[in-house]
Every structure is written in structure tokens, then in C-alpha cells.
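Between the sequences and the hints, there should be enough to build the whole structure, so can you do that?
As given, the protein sequences belong to chains H and G, one line each in that order. Residue numbers for the first sequence follow the numbering used here, beginning at 1 and rising by one. Residue numbers for the second sequence follow the numbering used here, beginning at 1001 and rising by one.
It is worth saying that the hints were derived from the structure and are not from the lab. Take these hints with a grain of salt, some might be off.
Below 20 angstroms or equal to it, Euclidean Cα-Cα: the simulated EDC-like pairs (lysine to aspartate or glutamate) are [claimed, not checked]: (1) Lys43(H) - Glu1094(G); (2) Lys1119(G) - Glu1101(G); (3) Lys1043(G) - Asp50(H); (4) Lys43(H) - Glu1098(G); (5) Lys1131(G) - Asp1024(G); (6) Lys1131(G) - Glu1019(G); (7) Lys119(H) - Glu101(H); (8) Lys119(H) - Glu137(H); (9) Lys1043(G) - Asp62(H); (10) Lys43(H) - Glu1101(G); (11) Lys131(H) - Glu19(H); (12) Lys119(H) - Glu106(H); (13) Lys1119(G) - Glu1137(G); (14) Lys131(H) - Asp24(H); (15) Lys1043(G) - Glu94(H); (16) Lys119(H) - Asp140(H); (17) Lys1043(G) - Glu101(H); (18) Lys1119(G) - Glu1106(G); (19) Lys43(H) - Asp1050(G); (20) Lys43(H) - Asp1062(G); (21) Lys1119(G) - Asp1140(G); (22) Lys1043(G) - Glu98(H).
On a predicted model such as this, the values are computed, not experimentally measured, just so you know.
Residues per chain, in single letters:
Number of protein chains: 2
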Amino acid sequence: MRVLGVDPGSAVCGYGVVEGRPGDPLFVAAGTIRSAMLAPGPKRLHRIHDHLLAIIDEFLPDSLSLERHFVAINVQSAFRLGEARAMAMLAAAERNLEFFEYPPNEVKLCVAGHGHADKAQVKYMVRRTLKLDPSRELADDAADALAVAMCHLGRGRIPNLVESVVRIRKPAARSRPKVHPQ
Amino acid sequence: MRVLGVDPGSAVCGYGVVEGRPGDPLFVAAGTIRSAMLAPGPKRLHRIHDHLLAIIDEFLPDSLSLERHFVAINVQSAFRLGEARAMAMLAAAERNLEFFEYPPNEVKLCVAGHGHADKAQVKYMVRRTLKLDPSRELADDAADALAVAMCHLGRGRIPNLVESVVRIRKPAARSRPKVHPQ
Chain H
1 MRVLGVDPGS AVCGYGVVEG RPGDPLFVAA GTIRSAMLAP GPKRLHRIHD HLLAIIDEFL
61 PDSLSLERHF VAINVQSAFR LGEARAMAML AAAERNLEFF EYPPNEVKLC VAGHGHADKA
121 QVKYMVRRTL KLDPSRELAD DAADALAVAM CHLGRGRIPN LVESVVRIRK PAARSRPKVH
181 PQ
Chain G
1001 MRVLGVDPGS AVCGYGVVEG RPGDPLFVAA GTIRSAMLAP GPKRLHRIHD HLLAIIDEFL
1061 PDSLSLERHF VAINVQSAFR LGEARAMAML AAAERNLEFF EYPPNEVKLC VAGHGHADKA
1121 QVKYMVRRTL KLDPSRELAD DAADALAVAM CHLGRGRIPN LVESVVRIRK PAARSRPKVH
1181 PQ
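Listed below in C-alpha cells is the structure:
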């Protein structure tokens, strides 16, 4: 499974691609889409949208993972964030990718081991888990994007666990004597 | 000049096209893009985006006009509104349309004569100004979209006024005696 994580922002939008099995993510690519040179509005969104489509076409992920936001500094920044998020959501629909959202504390828990980890801890664990070369530059937004992609890859374990729980319980249920009311 | 007005919404997105000279708008088309049958998220945004592009390709407006929002019920609804607005902004950039935003009170002032007009008054004035057949159905979102398109058409007067002011003042400036310091 290959996952594209996106950390949407109007001026800087981070992206990160990981692949592999749940719990064993491998680094594929990461970077940022910078559009601060353009005035906020249609041209910025167009740039983000086009770059995201190009990234999808290059790395061919199966799914797109996004952090679900609950807070914003003010209404205007919520609008700006919603606009940037929409570019990732639209790109996912246009390329028929599965789309997933995770709350910030779930991303932190999955990557750094606890839901209140700070940005530096998350970035450290992203670097360590993906065995990135220490000399390799990694922008904060790219690290956040890798984290949300890793979170989705990590979540892949849950269906397997549920399946094995069901498998363990099933024989016990079968061995129970059937009761036929008479 | 032909203007597409958009009243963005995640479940219902209104659109309205007007053309003509400033102060003399003519009705071209209006309607709604309904996507409530789809779950909020990528598929809804994809539907809004594709329909907006189809409307632009059919009616070939020169510019796209949007209401600038300042308030939202909560952060989540601001995100949803931002996402829907982004579809209109992206469509404008993709089709190289000029993009304009107007505060709600400016739209009301322009269409209904005062900045605190309610929705019914705006709708009444949209119908009256565009001479719409009273039997013709007009959804609230479509009326709002027509209003913001009419507002932009009405604003076209301002550059002309500025130009005429400059033209009046220029001869006076030229007739002033030149001062050469000696």
C-alpha cells in the first residue's frame, strides 16, 4: 500500500509519500508546494491543485491521508485552511484515491507514541522510523505530511487485529451448545 | 461584460449569470448544483467543481464574482464553506476568469439599495431588476448568486467615474503656471 499524506496550507503545503505494510513504513518522497509568491486566492489554489495532481501522477499512491482540523486562529484562517484542504480532497476524488482523515492527537499517538507530542518530537520520530539520512533536509510541513501518511499506514493493522479476534472467538462460539427452546 | 456569480455551499451551490452594461444587467442563466446526496468530502467537491467548469464552458463569462464571508456558525462550518468557495476560485483560475469578491453588505446595497436588506428583499429586487417572469422558480441560492454577479456588474461604473474625474481635473492642472526655481 502506498499513501500520500498532505499537510495543507495556503502559502506552504507539505506532502509525503510512504509505502509498505502496517507498522513498517518506507519513505518514498516528501516536499513542499510553495505558493507564497502568489496573492492568496484563485492562483494559489490552482498552483496547489496542479502540483498535487502531478505528485499523484508521479508516485501513484492508493490513498490520500489528511489531518482533520478542529481549531483555527479565526474565521478567515479557517476559510484559508478549508480552501487549501479542498485542493487535496478534490485531487483525491479526481484520481479516484481512497480518502482518510485523522485527528491530530491520533497522528501524534501513532507516530510519536503519545497524543500530546510536540512538533519536534513528531519530526524526530518521522525521521527515525523512516530511517532518513540525518543530513537530509526535511521541512516541518513535509514531516507533518509524512506523519499523517504513516498514521494511515499504521491504521492498516486494526482490520487485521479485528479479524484475528474474530477468528479466535469463532471456535469457542461454535463449541457452545445450542439452545432450542421447546 | 458577462459575469458568473456563485453562492458557494457544500450541499447546495447557487450560480447565476448576468451580462450587459453597468446598471443595466440582463439575465442569462441561474440554477443550483445539488450534492447533498453525496457524503461531505472529496466526491461532493468534485461534483461542484465539475459542474462549475461545465457552466463556465457553456456561458463563457469574463469574470467570476463571489461574496466575501466574515462569519461562520463554527470552525467546522467555516472549513466546509472554505472548501466550497475554493471550488469556485479554482474554476476561475483554471478558465482564466477575472475574480472578484464583495462583502455581503455591498452586495445588498448594490442590489436592494441598502446594506441591511434581508434575503427576501434581495430576491425581490433581483427578480424585478432582471425582469424575471413571476412564474419562474428561483431558488434562494440562485438568487444570491445572481445578486453577487449584479453587484460586480454595478461596480463597473466606478472606473468610468474615476476616469471622468481625472479627465475633468487634467486641464486645470495643465493650466497652472509652471514654477522654475532660479
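Status of each hint after checking the structure:
no. : hint                    : in the structure
1   : Lys43(H) - Glu1094(G)   : holds, 9 angstroms
2   : Lys1119(G) - Glu1101(G) : holds, 19 angstroms
3   : Lys1043(G) - Asp50(H)   : holds, 18 angstroms
4   : Lys43(H) - Glu1098(G)   : holds, 11 angstroms
5   : Lys1131(G) - Asp1024(G) : holds, 11 angstroms
6   : Lys1131(G) - Glu1019(G) : holds, 13 angstroms
7   : Lys119(H) - Glu101(H)   : holds, 19 angstroms
8   : Lys119(H) - Glu137(H)   : holds, 16 angstroms
9   : Lys1043(G) - Asp62(H)   : holds, 16 angstroms
10  : Lys43(H) - Glu1101(G)   : holds, 14 angstroms
11  : Lys131(H) - Glu19(H)    : holds, 13 angstroms
12  : Lys119(H) - Glu106(H)   : holds, 14 angstroms
13  : Lys1119(G) - Glu1137(G) : holds, 16 angstroms
14  : Lys131(H) - Asp24(H)    : holds, 11 angstroms
15  : Lys1043(G) - Glu94(H)   : holds, 9 angstroms
16  : Lys119(H) - Asp140(H)   : holds, 8 angstroms
17  : Lys1043(G) - Glu101(H)  : holds, 14 angstroms
18  : Lys1119(G) - Glu1106(G) : holds, 14 angstroms
19  : Lys43(H) - Asp1050(G)   : holds, 18 angstroms
20  : Lys43(H) - Asp1062(G)   : holds, 16 angstroms
21  : Lys1119(G) - Asp1140(G) : holds, 8 angstroms
22  : Lys1043(G) - Glu98(H)   : holds, 11 angstroms
Of the numbered hints listed earlier, not one is contradicted by the structure.
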